[in-house]
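Engineer: So the sequence lines, in the order shown, correspond to chains A and B. Heads up: the first sequence at position 161 corresponds to 1138 in the numbering used here, and the numbers run straight through without jumps. Heads up: the second sequence at position 265 corresponds to 1242 in the numbering used here, and the numbers run straight through without jumps.
Hints were generated in silico from the structure; no laboratory data involved. On a predicted model such as this, the values are computed, not experimentally measured, just so you know. Heads up, a few of these hints could be off.
Which copy is meant is left open, so a pair is good if it fits within one copy or across any two.
Dumping the calculated SDA-like pairs for lysine to any residue here, alpha-carbon to alpha-carbon at most 20 Å [claimed, not checked]: (1) K1115 / E1092; (2) K1167 / A1215; (3) K1167 / R1211; (4) K1167 / P1011; (5) K1167 / T1212; (6) K1115 / L1054; (7) K1115 / P1011; (8) K1167 / E1092; (9) K1167 / R1001; (10) K1167 / E1146; (11) K1167 / H1105.
Residues per chain are reported as follows:
There are 2 protein chains.
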Amino acid sequence: MIRILAFPALLPLAGRIAGLSHGRAEPIDIHRFPDGESLVTLHRDLAGQDVAMLATLNDPDHLALPLRFAAETARELGARSVGLIAPYLAYMRQDRRFSPGQAVSAPLFARFLEESFDWLVTADPHLHRIHSLSELYKIPAHRIETAPLLAEWISANVPDAVLLGPDSESRQWVAQVARLADRPFEVLEKHRSGDRDVVVSVPQSEALLAGTPVILDDIASSGRTLIQAIERLRTAGARPPVCLVIHAVFAGNAHADILAAGAARVVTTDSIPHVTNAISLAGVLSAACREMLDSEVKP
Amino acid sequence: MIRILAFPALLPLAGRIAGLSHGRAEPIDIHRFPDGESLVTLHRDLAGQDVAMLATLNDPDHLALPLRFAAETARELGARSVGLIAPYLAYMRQDRRFSPGQAVSAPLFARFLEESFDWLVTADPHLHRIHSLSELYKIPAHRIETAPLLAEWISANVPDAVLLGPDSESRQWVAQVARLADRPFEVLEKHRSGDRDVVVSVPQSEALLAGTPVILDDIASSGRTLIQAIERLRTAGARPPVCLVIHAVFAGNAHADILAAGAARVVTTDSIPHVTNAISLAGVLSAACREMLDSEVKP
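Build out the structure end to end from the sequences listed, making use of the hints.
Structural biologist: Structure follows, in structure tokens:
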């Protein structure tokens, strides 16, 4: 029986994964002292057990040490294996030195996680220049694909959807979701000139004006891409769009800003707990987790 | 020539250490993205160089990954050795499991630092149950003693000082400072019942009422210990005390609260940058750093 250990915010998702895995969900307590240190506590005997820690890494610097402490403590308490389910995985962008002297954080973060975990399961990480997790991770690492879940949600909720990809890099992914949902799609042109400065242009399209635009994005952080796309769609005379996002990072007021810009609705998966979560990854995470244990951990 | 690399807040101290070490101080740039990730950049060629990173660890969880990224990047850029000067060292308290399932963070944090650094220099860490850094650290680790600097400051600034130790554990340390300053001392009784709840009692003492009380503490975090001591001293009819603290952690409003309670003055070392810094560790840190390089690193 797998033990799914989670920090408080992810306990509900841990419960759903455990329910589907014939496992048990248990809390990882975290206490933050006034001086900035953390005290992590696990609550059950783990001797001989297979453990999966569930932790979403949208605030990676803050969570790194507590996560390390939790994993090492599970081992000290006798766990047979310790894996990591990170529905949102951090540090997937900086895979090379874009300027001299820059830290190449993607492989350094991978090494950091490998020091503590036997395997990794994540949901559609930001694979831009890195095309496969195995390029980065030496431990068994499995990426679950959210495209079928997104397509299912679109079919059930937006029958007249016209899908919109945020940039040319997303073309293949958006085409896949569109094919699964049996709906048309277009791709926006995106030019980025800083963390928060994005310029987006909308294609001329009859289909776009006839249906309900559904803008897809893998991550919404500052929300600038979505906001620009919404504004351009309004200018083009399209209906208020639905924003369908895998990972609800939403820095600062991003969510409110997206709604204020004119989105009909913002929908996300539960990879990061947020009020917009409407698509649960519990089933696919549970399946991936069982697969990991069957193939990689059991003697 | 040693290269002292520091995050922005510690660049002034890095400059003073470098000046005393015939070294060079250089910034470690850190950029925080809206999604919580960090980008760390080093700025100079480090091929074949001995590097010391200067980082104070009063917010350890937040700094851990950027520090790891900086150290590993220095190695990738060819540094011959990479040491750590951490004037304030974190995670020195949790050296055992006080309740079942707790993470024992002191050795886990030590392992984390050892993975990236060849040596460690720190100033009077909180050695409570851990009596020597070598019990925790397998890399060469040197603790500089601040007692002579504190005594020197007292002699120069509070000629009628009566030293007060915060609790019985501090007796040996306070006695040492008192001997070096050639002044009398007393020790408070302290009872702790939580992170922020402290009860302190002041001894009956003629000397205490005749001189200026100087309350010594190694760390001021919530400030509760100092505030209670100040209040008890006022009740006992003593003069407004000077608070002399090694590490200015000062969580939240602690500094203002200590002044409001009636402290004549709050004085700290520059182990953590703060407006109360009046005693510089640059000289002793520089000496310890040169000693490390001479004894441990050079072939």
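Engineer: All hints, please: hold or fail.
Structural biologist: Tested hints:
1. K1115 / E1092: Both, since 10 Å and 18 Å are each at most 20 Å.
2. K1167 / A1215: within (19 Å within a copy, 69 Å between copies)
3. K1167 / R1211: Within. Shortest intra-copy distance 17 Å satisfies the 20 Å Cα cut-off; inter-copy 66 Å does not.
4. K1167 / P1011: between (43 Å within a copy, 19 Å between copies)
5. K1167 / T1212: Close inside one copy (17 Å), not across copies (68 Å); limit 20 Å.
6. K1115 / L1054: Answer is neither: 25 Å inside a copy and 23 Å across each miss the 20 Å cutoff.
7. K1115 / P1011: Neither, since 37 Å and 29 Å both go past 20 Å.
8. K1167 / E1092: neither (37 Å within a copy, 41 Å between copies)
9. K1167 / R1001: neither (44 Å within a copy, 43 Å between copies)
10. K1167 / E1146: The answer is within: 10 Å in one copy meets 20 Å, while 62 Å across copies does not.
11. K1167 / H1105: Cα proximity of K1167 and H1105: one copy only (15 Å, versus 57 Å across).
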